[in-house]
Every structure is written in C-alpha cells, then in structure tokens.
Amino acid sequence: MMSAHAQTAGQIAGAAASPERAEAAIVVDRLCKSYNGRRVVDELSFSVRRGEVFALLGPNGAGKTTTVETLEGYRRPDSGSVRVLGLDPIRDAARLKPLIGVMLQQDGLYPALRPREVLQLFASYYRQPQPIDQLLERVGIDPGTRTSCRRLSGGQKRRLALALALVGNPQLLFLDEPTAGMDPQARLATWEIIRELKAQGVTILLTTHLMDEAERLADRVAIIDHGRLIALDTPDRLTGVANATIVRFVAPAGLDCRALAALPAVQRAEEVRPGSYLLEAEPQSMPAVLADLTAWLRDQGITLTELRVGHGSLEDLFLRLTGAEMRE
Amino acid sequence: MTTLANTSQSGQSQPQSSQAAPFLQQVGAQIKAELLLTSRRGENILVTLILPVILLIFFASLKIIPVTSGSVINFLLPGILALAIMASGMVHLGISTAYERYYGVLKRLGATPLPRSGLIMAKIVAVLLLEVVQVILLGGIAFLFYGWHPTGSPALAILVLALGTITFAALGLAMAGSLRAETTLAVANGLYLLFLLIGGGILPLDHLPAPLAILAQYLPAAAFTQSLQAALSAGAPFPGAALLTLLIWMLLILVVAIRAFRWE
Chain A
1 MMSAHAQTAG
11 QIAGAAASPE
21 RAEAAIVVDR
31 LCKSYNGRRV
41 VDELSFSVRR
51 GEVFALLGPN
61 GAGKTTTVET
71 LEGYRRPDSG
81 SVRVLGLDPI
91 RDAARLKPLI
101 GVMLQQDGLY
111 PALRPREVLQ
121 LFASYYRQPQ
131 PIDQLLERVG
141 IDPGTRTSCR
151 RLSGGQKRRL
161 ALALALVGNP
171 QLLFLDEPTA
181 GMDPQARLAT
191 WEIIRELKAQ
201 GVTILLTTHL
211 MDEAERLADR
221 VAIIDHGRLI
231 ALDTPDRLTG
241 VANATIVRFV
251 APAGLDCRAL
261 AALPAVQRAE
271 EVRPGSYLLE
281 AEPQSMPAVL
291 ADLTAWLRDQ
301 GITLTELRVG
311 HGSLEDLFLR
321 LTGAEMRE
Chain B
1 MTTLANTSQS
11 GQSQPQSSQA
21 APFLQQVGAQ
31 IKAELLLTSR
41 RGENILVTLI
51 LPVILLIFFA
61 SLKIIPVTSG
71 SVINFLLPGI
81 LALAIMASGM
91 VHLGISTAYE
101 RYYGVLKRLG
111 ATPLPRSGLI
121 MAKIVAVLLL
131 EVVQVILLGG
141 IAFLFYGWHP
151 TGSPALAILV
161 LALGTITFAA
171 LGLAMAGSLR
181 AETTLAVANG
191 LYLLFLLIGG
201 GILPLDHLPA
211 PLAILAQYLP
221 AAAFTQSLQA
231 ALSAGAPFPG
241 AALLTLLIWM
251 LLILVVAIRA
261 FRWE
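As given, the protein sequences belong to chains A and B, one line each in that order.
Our numbering numbers the first residue of the first sequence as 1 and each following residue consecutively.
Our numbering numbers the first residue of the second sequence as 1 and each following residue consecutively.
No lab work stands behind these hints, which were simulated from the structure alone.
We put the beta carbon where it would ideally sit given N, CA and C, even for glycine.
Just a sample of chain B residues kept apart from chain A, beta carbon distances all over 10 Å, derived:
no., residue
1, 51
2, 54
3, 57
4, 62
5, 71
6, 128
7, 163
8, 187
9, 208
10, 210
11, 241
12, 243
13, 252
14, 256
15, 259
Not the full set, but computed from the structure, chain B residues with beta-carbon under 8 Å of chain A:
no., residue
16, 18
17, 19
18, 21
19, 25
20, 41
21, 105
22, 108
23, 110
24, 111
25, 112
26, 114
Bound-form chain A, shown alone (with noise of 0.2 Å):
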C-alpha cells in the first residue's frame, strides 16, 4: 500500500515534468468540481498516454462521471485545469467532437428508432464513418432487425451504444461503466472489442465498479475516492505480484500453522477463516516460500485449491484503501 502511493506520487510529478506531457491524450491538472458545497471531485491529478487503456476506479459519488464529463466537455472545472488531446473540451468542443467516441452512463438512445436507423444517423455525423452494417456485427446486433431500441435488453442497448461510440473513428473514446447490465458473454465481447480498439492505437479512457474488467483490460488503474486520487500505477503493481509479501492459498481447515510459520522462508503463517490461510513472507524470497510450501503439503499428502500471490486482487486493495464497498 505504501509503495502504491509513493509510486502514484512519482508518476504525477513525472507525467507532469517530462515532455511526454505533450503527448499526452489526456492531461488533467489539480481538477476541482463542487455541487451545492460538496466538492465531488478534490484536486484530482492523473494523464493518460496516446494508446493507453486507463480505468478510474471508485465507488458510486467516487467523482468518476464527473471528471469523465468534464474531459467531455460537459463540465466546467471550478478550478484547475484538463486537457483532451491537447484541446480544451469546451472552448474547442468543435475540433475535438469528431476525435472522441463517447459512451455515457444513459444509453441516449431514440426509443422510437431502430438499431440500424440510429447507427445511420450518428454515421451522419461524420466525413468517414465506419460501414454502419459490419459495426452492428462486430457488436452483436443484427442489422435488420425490425425491433426498436425501446425493446432492446439493456445488454444490447448497451452494446447499441458502444457502435455509436466507434461509428467516427474516434482517436480517444471515453467508456462510462461500458458492461454494465451486460450478460457474461457480452461482456467477453466486449473486452474482446476493446482489446482490438487499444491494438489499433486507440486510447481509452474508461470507469466501472467491475475489478476484474480493470485488471483485465487497463494498462493503469487510478483508484478515486471522495473525488481524490488515492492510487495509480498498473494493476499487477497494485494488486502486489511484482512486488509481493502475501501468499494467500486456500485448503483443508485445520493446518498447523505453526509448521508453516517454521518454513525457512515464510515469516508468519496465518488461518485467517476456516480453510483459507495467509503467509507472509519477504518479496525477494516468493519463490523459495512457494517451493516450501507445495513442498510441505506433499509431505502432508494435502492438496490445495486456489493460490494467489500478492495483496489479492483489486478488489481487496480497493477496500483496504478505501473502506468502502463496492457495489454494482
């Protein structure tokens, strides 16, 4: 936890001083944003390079939608500053309009029209748009169907909403809660979708409560609580393999701890719940702990289930940094 925030720290200061800062897609400098007194966002400080794939991560009232709305341009920041590929988002809304790709929370979607009709129109909008047919494809929708977007599910009005995002070519495309209410093969689709976008250079910028999709999909995760950032770097540094000094493994309840504390590398041994144990143990030394440990319990004749190594996923850390629950 430490190391996170003193890494978080560096990266600022260095994104800040480098002359990568130029190239920068989004630049967002000591932002604050109040609503009725409450300030919702509180000197937020994060850029996100060309081609990047970067989650805001953080709980409902976190600050997330508004800091993805300011960058959109349809916030004014109280005080501080952001910059969209190098534009201001509503001083040059004209130019930079065409490069962005947006998905809101709210779908925005014309009830009344079909699927194909909508995606026709936003193509309208642009010189070159994407072939309106092969997108509607690529998001699973079937382009002549009769249905309007009224009857959709949410899954596929969701989906709807990501074609309209892509239909400009955008260089930068901002994804608001992308998979919510999205069924587990959609939501494959569309991990699928965005791992292709970044492959072709496109940055995304994008939010959800969901951790695995931010460990899966962003090069870094900024985790933003009551409008501040409280973490930022890759989710392998944050979830603690690289530098790891847990091992949590789940087996038979009832192990002698003691004879695991006694292992030469491990420095603590722990039944943290029935059957779920927790070792301790020095980052240099990880490998020598495993080999220990597997080595022990074939001696034991016990197999174990799950092994994890580091802090736990995301959503541990999350919780840890910010005692809140995450919720859908």
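We have chain A; now place chain B onto it with these hints.
Relative to chain A, chain B alone:
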C-alpha cells in the same frame, strides 16, 4: 518510446478519418430522423393531423358555430389552422423533446459533432414541413368540401403563421427543457385544451363571459388566432393589437426558453 510507436500505428490504421461531416449534411440527416420519429409515433399524427381534421369537419358540418358575419368555414379554418400549429409546436415538439431529454438523447447528441444549432435547426425544419402538410390538408378539405376560397393577404398570413410557429414551438421547448417529461406532457395537453376552448378559434370570444373573454384576449392563442382570421379575410382591418400581443408573447417566451432550457 511506446507512445510514439502507438501514435504511428494509429496513424496507419485510422488515417485522419475522425472528421465531422459538412454542417448541412448533418442537419439534413437530422431532419430525416426527426421526420421518421414523427411518423413513428402515432400520437403525433393523431394530435397534429387527425385531431385538427376531425375538429374542422365536425364543426363545419354541424353548423353550430355562432358566427355573426361571413361564412362558417371562413371563420373556422383560420382557427383550426392556429390550433394545428399549436399542436405541432407546443404539443408535438414540446413533448417529444421532453422525452428526448428524459432518455438522455439530447445529452448524448452533445458528444457528437452535430452542433446544438444544427439540432435546433433540424427540429424547426421538421416542424415547418409538418405545418406545410397541415395547411395543405386542412385548406384542401375546406376548399373541396366546404367551398372555402383563399382570400385576404397571403403575405400577412405567412407572417402570422411564422410568428405563431416560433411562439408555440418556443413554448413547447421551454417546457421540454425545464420541466420533467411527464409534467411537460400534462401541461402541453392542458394548455392545448385551454387554447381550444378560449383561443377564439372555434368559439368566438364574444360568446364567452366578459371577464374570461378579456383574459383570453391577452393570451397568445387568441392573439394568434385573431391575427390569422384577419389575415385570411377579405377586407378585414389590419390586426394591429392582436399581432402586437402575439409579438410580445413571442419575445417573452423565446427569452424564457433560451434561459430555462437544460440539455440534461
């Protein structure tokens, strides 16, 4: 650095294709969509086309309108036209825009290259096209079945129609941009009924109780209706007072609409 590699890679796969379409092309597509939306919603057709036609046929056929001078149809057609314009601007445009706001459509459009001015322009053109259909339909029925002949001043009639359109479209948008969608629905329909009863388009105002008639005189519906009646009557005096009342309402409502409108 990876940043540079990514930039050049994106340069290859997406060669400067993120450009807005020409403004008029965007507005043209938006007009098509607005017309498609109008035709999709049965209640729009009902309130803007079917209802005025029924009102015209009903009151022209029953001859229960207490007209003191001139023919029934010469009195009735301008009144029904005025009601039809109110239905297009206040009821149809107001309610459909209110629901577009409610569903987040207006907000979502704000993130596209379509400027706000382009959206408003498209909505105005779509309403004007709907009004052309209304004028042809109602005028045609009056001409074919009730012996109506165009008289009066076409130029003045078009001016009055334009002022009325702006007034009631702005009234609809003012409600759509500031009230909840359900409230807009209720208020727009309520006002329409009120204007039908005391707008002077079906019942002449001098048949109303005096205090109500005086009040009605100062409302935009009567001002619009009386201006149109005068414009479509041969030899009628210039409707100075009514036109001035309408003009004041138009400016007032426009200011309110511009100040009160919220896109989300």
